[in-house]
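A.B. asks: The primary structure of each chain is shown beneath.
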Amino acid sequence: MKKLLELVSVTAGYRDRVVLRDVSLPVYEKDFLGVIGPNGGGKTTLLRVLLGLIRPFAGTVTVHDPSLGGRNLGYLPQYKAVDRDFPITVEQIVSSGLAGGSTIFRRTSSPERRRIEEILERFGLVKLRRRPVGELSGGQMQRAFLCRALVSSPRLLVLDEPDAFVDSGFSTSLNDILRDLNREIGIVLVSHDIGAILPAVKNIACVNGTLHYHNSCEFSRELFDSLHCPVRLVGHGDIPHTMLKRHGD
Amino acid sequence: MPDLFLYPFFLRAVAAAVLASLCCGIIGTYIVSRRMVFMSGGISHASFGGIGMAYYFGFDPIIGAAVFSVACAAAIDGISRRAGMRADSLIGILWSLGMAVGIIFVYITPGYAPDLMSYLFGSILTVTGFHLALMAAVATLTVLLFAVFYRDILYIAFDEEFSLTRGLPVHAVSFMMLGLAALVIVVSIKVVGIILVLSLLTVPQATAGLLARDFRGIMILSVLLGLASSLSGLLISYFLNIPSGATIIFTSVVFFAAVSALRTISVRLSLRNRVG
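Taken in order, these protein sequences are the chains called G and P.
Position 29 of the first sequence, counting from 1, maps to 29 under our numbering, and the rest follow consecutively.
Position 238 of the second sequence, counting from 1, maps to 1238 under our numbering, and the rest follow consecutively.
FYI, nobody ran anything at the bench for these hints, they're computed from the structure.
Among these hints, one or two may not hold up.
[Said to hold, decoys possible] In silico lysine to any residue, SDA-like type, Cα no more than 25 angstroms apart, as pairs:
(1) K127/G x R1216/P
(2) K127/G x V1037/P
(3) K80/G x S1174/P
(4) K80/G x R1034/P
(5) K80/G x G1129/P
(6) K80/G x V1037/P
(7) K2/G x V18/G
Predicted model only: the values in this text are computed from it and were never measured.
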C-alpha cells in the first residue's frame, strides 16, 4: 500500500498547551481511516495538523503523494463551525472549493464551471444552487459542504463529524457516498458514531493525547459481514458498561 | 427647493452622503456578515483619541482619527491573533482608551474646542473639499478592492479555516479588510459622527438582508438604501432645521421598519392565500 502522507512523532497543540504527544500515523492511498476518541482528546488537533492548519511543535508531516503537495485535500468542517446566517449560496460555497493561489484577477474558467455543474448534478443540488446556506436542511448542507470538499478532485478527503449535520447520524446515503468515493480516494473521518460506518472503515486511530493505531486485521470487513449485523458500538477492553434490556422484552 | 442645490455647501453635503453610502454600504455588508459590528464600534470610538491629539498639536482632526483607527484595527487584529486575548475585551479597552485620550487632549488644549460636537454627531453641512477628496479616495479604494478580490473576500469571510486549506491569503485579506473598514469609518465620521457611524454600517444592511439573500445583493441594496436614507434624511433635516446626522440615522431606521412591516404583511398574505 502506498502512503499518501505520514505523521512521524508529532507533538502539537496551541500556544502553551500540548494536546497531542508523540503521535505517528500513516495515511494510505484509498485508506478509510476512522478517528475516534473522547472530546478534548485531540481529534480536531490531529485533523488540523493533517490539513496543515497548525504547525506541529515537534515531529514531521511528510507528504508522499505529489498531488497533495499543493495541499489538495478536501475538507469538510464540523457543523458547528458553519455560520448559517452568512449570505452565501450553495453555488458560491461549492465554487469556494476551487479557490486558491491564483483566483485573484481571474474569473471561473469554463472547465471549472463544468466541474461545478457536474458535482452539483451528482449530489442533487442543481435546483438549490441559488439558495442561501441558512435555508438548507442539515442533509442539504452536508451535501453542499461535501461538494465543496470534492470539487477540486482531491486525493484525500478529510471529514470532521459529518454526521452532525443530520439528526439521524449517518444516513445510508452518506454511507453509500463515502464507500463509493473510497474506491478512488482516501478518506479520514472523525466521528463519535464510528460504529455506524465501521464496516467501511479500513483503519482506526484512537486519539486521547496519544494515538493508538488499529489496522484492518483487528476488525476485518469480513468479520462484520459474517456477523450480519450493523455494529453500533466499539470499545477497548476494561470499559465499565451496562447493557439495558430492550423496551418491551 | 431648487435654490437649495445652488448652495455649494449643500452640494458638498450631497456628495458626502453619496460617497459615505457607497463605501459604508459595501464594507458594512462585510462587517455585518462577519459579525464585526462591535469591533467597528471600537474602531470608530478609538478614533476620538486621534481627534483630541489633533486639536492639541494643531493638525487636521481627520488625519489624527485615521491614524488612531487604523492603529486600533491593527492592534485588535494582531493582539487577538497572537496573544490569544479575548477580542471583545480588547475592543472594550481600546474603545474606552481612545475616548479617554481624546477627552484629556481636548481638555488640556487651550481655548474652546468649537466643533467637538460635530465629530461626535457629524456635521455634513460643513464638509470641505479636502474631506470630499479623502472620501472619494476611500470610496474608490473600497470599490476597487471589492471588484478585484470579491471572491476571495467572500470565501475567507465565510470560512477562514477552509480558505486556509485552499491556500488563500487569509490573514492578509482579513487585515486589509479591517484597515479598509477603519478608513471608511474615519471618512464617514464627518457625515454622521463617531457615535452614529455604526448605524451607516448596519441599518441599511439589516434592511437589505430582509430583501436579498446573497452577499452581492445585500451589498448593492445596502448602497441604494444608504443613498435613499441619507439623501432624504439630509433634506428633512434641512427643512425641519434639525441635526442632519441624527436625521439620516432616523430615516434609515424608518426604512428598516417599513420594509420589515411590508415583508411581514406579504408573508402573512401569501400564507393566507395558500391556506385559503
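A.B. asks: Next step is simple, just say for each hint if it's right about the structure.
C.D. replies: Consistency of the hints with the structure:
1. K127/G x R1216/P: holds (20 angstroms)
2. K127/G x V1037/P: violated (34 angstroms)
3. K80/G x S1174/P: Answer holds: K80/G to S1174/P is near 22 angstroms, not above 25 angstroms.
4. K80/G x R1034/P: Holds, at about 16 angstroms.
5. K80/G x G1129/P: violated (49 angstroms)
6. K80/G x V1037/P: Satisfied, since the Cα-Cα distance of roughly 21 angstroms is no more than 25 angstroms.
7. K2/G x V18/G: violated (30 angstroms)
The earlier numbered hints that this structure contradicts are 2, 5 and 7.
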